[in-house]
Each structure stands twice: as structure tokens, then as C-alpha cells.
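**Q** Just so you know, the sequences run in chain order S and G. If you read the first sequence in the numbering used here, its first letter stands for residue 254, the second for the next number, and so on. If you read the second sequence in the numbering used here, its first letter stands for residue 979, the second for the next number, and so on.
Treat the hints as calculated values from the structure; they're not laboratory data. Keep in mind that this is a model prediction, so the values were computed, not measured. Watch out, some of these pointers could steer you wrong.
[Said to hold, decoys possible] Under the rule of at most 27 Å between Cα atoms (straight-line distance), these lysine-lysine pairs were calculated in the DSSO-like manner: (1) S:K904 with G:K1237; (2) G:K1350 with S:K769; (3) S:K449 with G:K1451; (4) G:K1450 with S:K759; (5) G:K1451 with S:K769; (6) G:K1452 with S:K767; (7) S:K769 with G:K1130.
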Amino acid sequence: MELKTVASLLGESFKRLSPTYLYLNPVLFMTEISFIIVALYMLVTKSFSLFYISVLSLIFITVWFGTFADSLAEFQAKATAKFLISVTQANLARKIMNDNSSEILIKPEELVKGDIILVNSGEIVPVDGVIIDGAAAIDESLVSGESIPVIKSVNDEVVAGSRVSSDWLKIKVVKPVGESYVSKIADMIEKTKRPKSQSEQELNLILYVLTAIFTVVIIALFVIVGALGYRPNPAILLAFYVCLLPTTIGALHEAIGISGIARMWKIRVISKSGRAIESAGDVDDVLLDKTGTITIGRREPISILPFNGIQVEDVARAAFIASLNDDTQEGKSIIRFLQNSGYTPDNLDSIITSTYEEFSAKTRKSGTYYKPSTWGGKEMRGKLHIIRKSDLNGIYLNDEIPVFKGAPDVMKKIFSVPSDFDKTVEDIAKKGNSPLIISYGDKIIGVIELKDIIKPGVKTQIESLKKMAIEPIMVTGDHPLTARNIANEVSINEVIAQAKPEDKYKKVQAEQDKGKTIAMVGDGTNDAPALARANVGLAMYQGTEVAKEAANMVDLESDPSKIIDVIMIGKQILITRGSIATFSIANDLAKYFVILPAMLSTISALSYLNILKLPPHVSVISALIYNAIIIPALIPLAIKGIGFKPDNPNKTFLKNMLIYGLGGMVLPFIAIKLIGIILMLHIVL
Amino acid sequence: MISPGSTDDLFILLIFIILVISLSYLLALFENHVFFGGQNLVNKILMALKMYNEEMGWGTYFISMMLVNLLVVIIAGIILVTSLYPGYHITSSLLFNTLASFITNTDLEHFASEFTITSYGEAFALQFLEWIAPATGLSAAIAFIRSIAYGKIGNFFKDILSSLLLVFLPISLILSLAYIALGVPQTFLSIIKVPEPLGPISSLLPIMTLGNNGGSYYALGSAIALQNPNILTNLVESVSMLVFPFSLFWLFGFNLKNKKEGLYLLTASLLIFLIAFVVTMYEPLALFPFRIGQFNTKILTTASIFSNTGLLSAPLNGLSHHALAIYIVGMAVAMAPGSIGTGFISIEVYAILAIFFISLMSGRMPEYLNFKLNVKEIRLSSFAFLLHPILIYAGILFAIFILPKNLFPYLGTGFTQALWEIVSAAQNNGSDFYGVLGNTAALNYLTGVIMILGRYLFLMIGLLIANEFINKKKNQSTTKIRTDTPSFSITLVTFIFLLVIITLLPLLVLGPMASW
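Chain S on its own, in the form it takes in the complex (with noise of 0.2 Å):
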């Protein structure tokens, strides 16, 4: 870190002491008030000895070293949302006024929706917006990571933070500043802005009430041990105090949260809000598209079948004209393959021209209104005899002949059906791939068989999750077969097959009748209703506006396995939580045994409790240094979270509770004594 960053992170630590902002962390706030109540005594009965003094600065270093805690995690949160934050809002907006012909230059945070700003080359796009003139290339290295610049015009989407390269663009702003991710990002790390999650409310909770119990132990104390004719020394009883409260936990609550967030930003998932990381965490079922997530995006095409009375060639050549307009990478990998079998027509330029039909969740099938410049069969090679005008039935438009392909149960309810087709799709689906039916005109004429290529290392991560006792659930578009044949490869035991639009919905739906947490992932708009409805709704960034909206979270990198990873954090964020807050409480037990011995030292009848052997003030001040150091021993496992494998919650939990609990129950005794020994070499010397 460069030494700006560091003083300014110094000097943001020492600025959170001021109890307008401490107050809201009780435990800190009590221990600034001993802070306070020690510097008094120590002034009206002038005692400044090294003891008192030590005591002092230690209360002191104590509630620093939280708000250093605090002001780190928040420090190191920014510089992970720095690419977005900074660069959006360094340099001024270029806004076209409504004559058309004028332009000022604002400040980014003024512009509205509605605006239009002029964005040169080389200039970063302030705002989210749409494209309404022009044309560029567009680096979103920034905010995706993505090197490779997109080409984007008119009616084109651009993000906030993503750089033009080339031209010029004039874009109308959709979402302001105080709207778009960017400041979503700053938001979440701002204290006062960040809504805490339920987690971080109750251990708050506990946190008060532990408080409000030592207070009253203490002023008790005090009293009582007075009322009995011993004087109690304030300093002593206070420094007891400050080690009796959960200072640990206190100090690190915050930073736990913040890091949380920034880890989430590492692997660039931006999280709407810190419910949904806990929601992520908590998951009891995930909904994972099969293409994308299991598998690569495209399906590789292994062979051509025909069925009776077709020659291959003809298959070819319609699953050529069929695909050659497809933009997909499927479409293309299918006429890579048709090519290097030798099937390419001659005809390619009327193909071209002909109108193609996308592929729709809904349809499930996409293909050419073929229009063959010339008739009767001199354009295809082989014995296609449907060629013929005659031969269409009914289907034969405008001299247009549809070419299609698509899923089985879609296509043999339009075309129709030979004899073969329910057994050659069934020898097809059993193997585990997927059949792509071929039509021409209105008969089913030939399969392509695909083969589904799964990506390296699904496997291991369907495993991680079921070890943590969360249930995969794979939905696909395919045939019930393939469908149960890829899950049984990667361990998955639930499939949706055939699956509509609908279906997730109702999946989401159904599960979380039952009680469950069930996160999805999404990118369409018609993923929109489920994603809003799941407890965690993951959405691509090159998804569509409507998916993004509906879902509260969007991965920049538009990676579908990007959802376990997430998982894996929240439940780790909630792991540091606990163990932490474990540890914190069950370290209060060796204070017991470490400073009451100090503070009653002048009755010998409780000498015995001493059972580290410390003269009183020693006691006291290696429990204070201990008190005080083991905050910032315990940033680093704050931050970066506590490690976990994946493995059933009852083993994580028993892991996790004798480390922190009963470690944390053993630990200051030999640390404090470790402290004691070395203290007392210094006086000794």
C-alpha cells in the first residue's frame, strides 16, 4: 500500500474514536468510556505511575485498534470497488442539451434519467445508459474483466465504468448515478448505509446484553467490594471491565461484514444487499442450468442419422441451410462439423439471404424460410425429391420451404413423424447425448446427434455442495434421457427436463413452500419472475436489464458456476461470525482467573485463585495486552475469512467450536502467562 493510502487510513482510524460514530458499537463505546473514567481518576488522585499509565494507554490501543479494524476492512473493500468507483466519477459528463447543437460539462452525479451525454474516445461511461447514436467499441475491462472489446450501436446497453475505444457515442442515461451499480457498491460499504444483515443484528444483540451484564457486574463489584472494607482500585476494576467485555468481537464485527462484501467483489459478483449473501450462505437447494454450468455452452455434433428413405447427404444439407444464419456458437460448431464432413452446398448465397428464425426458450427450435433461387432439384446435390412444389403440403409459402431444427418433443408435434423417430431419439438420449431434429418442409427428415461436453471439475464442485448438505438441481431444455444421463456423470440426483421458461418459477416456488432457501441462476428475461422469487437470484451481466433488475445479485464475468462460489462465501462469512464471537466470549473465563486474583490481591484468602502466579500488577497489565493484541492477530482471519472445506455442517461446526470454543477457553491462559514472564524479565532487568 502507498503511504497516502496508509496515513489516510490512519487518520480515517483515529477520526472513528469520536463517540458520535463509536457509540454505535457498544462494546468499543464502553470501553472509550473506561478510557475516560481511568484518564479522570488518574488526574483528580494525580497518580501517574508506569502501572497507571500503561493501563491507560492500553484501554486506549484496545478501542483503536477496533476502529483501525474497522476503517481496514473498509479501506480494502474501496480499493476492490476502486475500478468501478473513482474511474465513474473522476472526470466530467458531457451532456447535449435539448437544442441538439450545445453541450456542458457536468459532474457526473447531476445527470438524470433521461439525459443524453456525448462519451468520446477513450472516455469512460459515466452512467448506465442506452445507446441512441453511434457506434464503438466498447472495453469493459473495468467492471468484467473482459479484455476483448464488444462492438455495440444503437439500442445497445453500456454499463457504468466500461471504456470506449474507438468513435464516439451518444447515450441516454437510464440509471443515474445515485442508482447504478457503482454506487450500489459504495453504499454497501458506507456504516451508516449499510443495512445490516439478520446475522450481524443478533450477534449486535447478544453483544448489547453482554455488555449490559459485566456494566452491571462491574458498578456491582465496585460497591460491593467497597461496602465489604476493601478498597477497590478504579483503574484495576476498570481495566477488568475492558477485559471482561467482548472486545474481540467487537472490534472485528464490522470488518468481518465489510470484507465479506469486498470478497464477493473479488470474484466479481455484485451483491445488492448483505441479506442476500446471508441468503447465499444458507441455501438449502440451487437450481443450475445445464448449459453453461455443467456443461460448456455448445453442443458438439458427433454424427448425422437419417431416417427411412433419406439419404445423409440430404440431411446435411438441410441441417446446413438450418443452421447456417444461426449466430450461436452451436449453430456454428454444427457447420464447422457439417464443412469438414464435406457437406457444404453450393447454393450458400440464397441461403444466406433467406430469413432466419432465432432460437426461443419458448419455441425451442430455429431454422430458415428457405427460398431456393432456382427449382427442381439442380441446387442440391443428391436425390432430395421433396424438392418439388408439389411435394409441400400445405407448408409451401411465398416460395419459401422451412428448414428446421430443434428439440424432439417440440418438432414432432409440427412436422411430421416417420416410423423410426421415437426409437432413434431414445438410442440417442440413452447414450447420454442430445438428438437436434432436422426438417425439411413439412416431413422430420434426419437427427443430428450432439454430444454434450461437460465442463472439468462440475463434478467436484456438485460433490462440495452435496457434502455441505445443499441439494443440486439440474434444468435443462433437453430429453429426459440425455438430461438423466449428464446428471448421473456429474452427481446430481434432481433433474427438470424439457423444462420451460415456467418451470423454474415453479421450482422456486414449490421448494420454498416447503421451507427451503433456494438460490437460482439466470440471464433471460423470462428468468426474470423465478430469479425474483428465489432467495438468491444470480444474474449474468450480459444477461438481459430485466433479469439483472429481478436479481439481487449479477455476476460481472457472466460465469453460471459463479453461484457455488458465492455460496462458499456467504457460508464462510457466517463461519468468521461465529467462531470469532466464540472465541471472543469463551477467552473471558481465563480473564476471570487472571485479574480477580489482581483486583482482590489484598485478601489473602483468595490468593489461591492466582493460578498463574503473577504479582497483581503484572496480572493486570498482560491481561490487558493480551486483551489488546489479539485484535489485530485476529484482522487477517477476519478479512480473509476463516478457511473451511467443504464438509457436513455438524463436522464444520465441531471443527470450528474446539478450535474457538474450547481453544478460546485455553489460550489466554498460556498467552497471558507467556506475557507475564516476558514483562517481568524487563523489570527483573
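Once you have looked at the hints, place chain G on chain S.
**A** Frame of chain S, contents of chain G only:
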């Protein structure tokens, strides 16, 4: 004197444990039938009397409870002041203290009833309260179980009448006859003084122990042969004090259709009890009734203190300082097994708080029995936990200034006695060192207020927590956070130990531990 470790003693201990576990199980089956077995006799009575027997909300339930308790207190008060021996006057502070004490199931007595009240007064005033108090506690626990298992709180009138008529009455009747057979007196002719006056003890003893009351006719309680003639009555009394609180754990499991839920709560409770007993087994007991023996006296004392009954068969100053510390912790823990009703709610409160930490460390949001726990439940449970330590510390603070000079809480023994008094009041235990010496206006009012707050505020928060479970949706997948395993019992015990020690240790150090 039989030393611990002799086969007779261990045999009795074994019988004791077997009886407690099996009888509480049978009792739970019976309670299940009465409270969860559909329409019972009480329903018919209520309908015949055209009394309100609809489902109540938590507020109505609590207010009905308070009104009934208040009404009963007024009646008992009137009977009490009119049944004193001639020449005795009862101060208003003592009256307040006694009534508060008996209605809150504490039965702390700053006076010796056998010399102050006629046996009629004992039977119809104080014993009357000794019936209502446990019935109230049992109703509250039943309401709690009903909310979690069936999503409704129930009807207080139905619950308390069922407790009284269908549960306590028949069992007490049988037990009374048993006590008579074992030699416990039963008469209203208290003019016979032998050296203590006889009284209606056989009818009083069952509800005194079964209901975790502890309010005896005799100032020395079960130390007197008239109340506790032999080892057999000692055993029966000890077992009686534990059957009801333990039965509620079983009952919980039955209604959750998973016996293991109840079993492992019971295990946690029994574990703490047994650890405490084993340690105190080796502590010398300076004063005890010879006919009962040291070991059996320890059985009764431990059972009594840990169930917050407060009935003693040996004076507290005969206990060693180690034992005193353990017993104070036992009173404060209030779930090993604790008194009827409040013991069960206490363990649930601890469970909810422990589960918060257990869930987070498992990587899950807090959930108990497949219900997601919200901020509200955590808040209520935290307050429930906060209540008694605050009462104890505030109480001790006041006590220091109001105790008479001869009882000043000097470090060590004096402080221990004062601490015992306050903890006993806060947790509605009822045993104390002071006895008649505690009959000062200030102490009467102080302990009276502490007893009332310690019980009714706690029950109110308990009902509020139960209320939260009513509209909760259950997650139908298998729970990830298992509370029906031995590891949960051990984790629960660890958390309880940690939470209670860090709140109570300073007072223990100034009190019993100063004399170690």
C-alpha cells in the same frame, strides 16, 4: 455414618436415577394424554360452566395467568391473616413476602409456620398456593411445547384446571396414602406437640415436592422425623422433586414426534445434575439427620436445590464451602432440571442462544427444530438470560445496605449467606440460611419483589418466545443443525457452563470461594 462409595449408598443412587428417569417418562406419557390427547374431562366442565375455552393469544394467556394468581393470592392472604395463632401478628412486609413467596413457587419462609399458623391456615392458605404455583408453571411449559409443536398457545383455564384436577390431584392423593403408610402424620389437631406439633403433613408433602414448592409446615423441613421419618420417605421425596421437571423434556420430544429431541435435552440436564452430585458426594456434611444418613441427605439436598424446590433435610451451614459454591451455581443454572415449567423454559432459552453460535459455526443461519430463528427470538432469549443475573447483582447491592447488622455480608460466610438468599429468591428456590432472622421489613420487600420479577417476567418472556414459533413455517428438509445428538447435549452444557460462570463468578469468589 456411611461413607460415599459403600455399596448400599451406590445402590440407592442407582435406584434413585432409574426411578427418576423411568417415572418421569411414564409421567410424560400421562401428561401427553391429558394435555395433547384431545378433549378431556376439563373441557366438558368448562363447557358446562360456559367458561371461556377458546384458543388464546399469548397476551390473553399471560393476563389470565396473572389474574388467577392474583385472585388466589388475595383469597390466601385473607385466610392466612385469619388463621394465625392468638397473640401472633403478621407484619405487612411479612405478609407480602410470604404471599409473593408461595405464589411464585419459591416458598421462602422468614417465619416458622408451625408456631405461627394453625394447621387450617397452613392447609387452606399456604398449601392452596402450593397447588396453584406449580399448576401455573406446568401450564406455561405446556403452552410453550404446544406453540412449537402445534402452532398454538392454548387456553390457560383449560391448562391450569387440567394440571390441578387431572394431574396433580390424583398423583398427590396416591402419594399421600403412601406417606401415611410410611409413617408421616396427617391430622389437623396441631395442639399435640411431639416435640413439634403434628399437622396435615401427608397431604402437604406430595404437592410440596412434586410441585417443586418446598414450603413445609416445619421450619426445619425434612430434617424433622415427622416429615421425613426414614430412608424410604427420603427417597420418595427426592424422586418426587425431579419427576415433573424431567417429564417435560420427554413430553417435548413426544410432541415433536422425535423422542431424541427430549432425550438429549434431558441428557444435558441430567449430566449437570450428576456431575454436581458426584462432586458433592465427597464433600463432608457436618449436620444431617442420623436416621437418614449423610449420603441420602445429600441426595435429597441436591435434588431439592437443583430442582429449585428449596426443601431441606439438613441445615445449609452444614455444607462445605465447595458444596455451597456448586449449589449456588445449580440454583442459578435453573435447568438441571430446574423447577416445573421454568426449568424447561430455561433450557429452551439456553438452547436458542447456544444454537445461534452453533449454527453460525456450521455455516448456517440460526435454525432450531427446522424453524429459522429471527432477530426477535434472539432478542427475547437474550433478555430472558439477562433477567436473573441483573436481579441477582441488583439484589445483592441492595442487600448489602439493608441487611441487619448481625447478618452483614462479610467476605466469605456472611456474603455467601446473603448471596444464597438473593439467588434463591431470583430463581424461586426458597431455601435460605436466615429463616426467622430474615424477617425484617426491608429484606421482606426486597426478596418479595425479586421473587415476583424473577418468575413472572421470566414466564412472560417465555410466552413471548413461544408466540414467535406460532406462525413460523417449517423447513421440510432435514435439519442441518441437529439438536437430537449427544454432541448437542455436550455443546449445550459447555455453553451453559460458560455463560453462567462468566456472569456469576465474581459473586462466588466473594462468597463461598473465599473460604476455600
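**Q** Flag every earlier hint the structure violates by its number, smallest first.
**A** none
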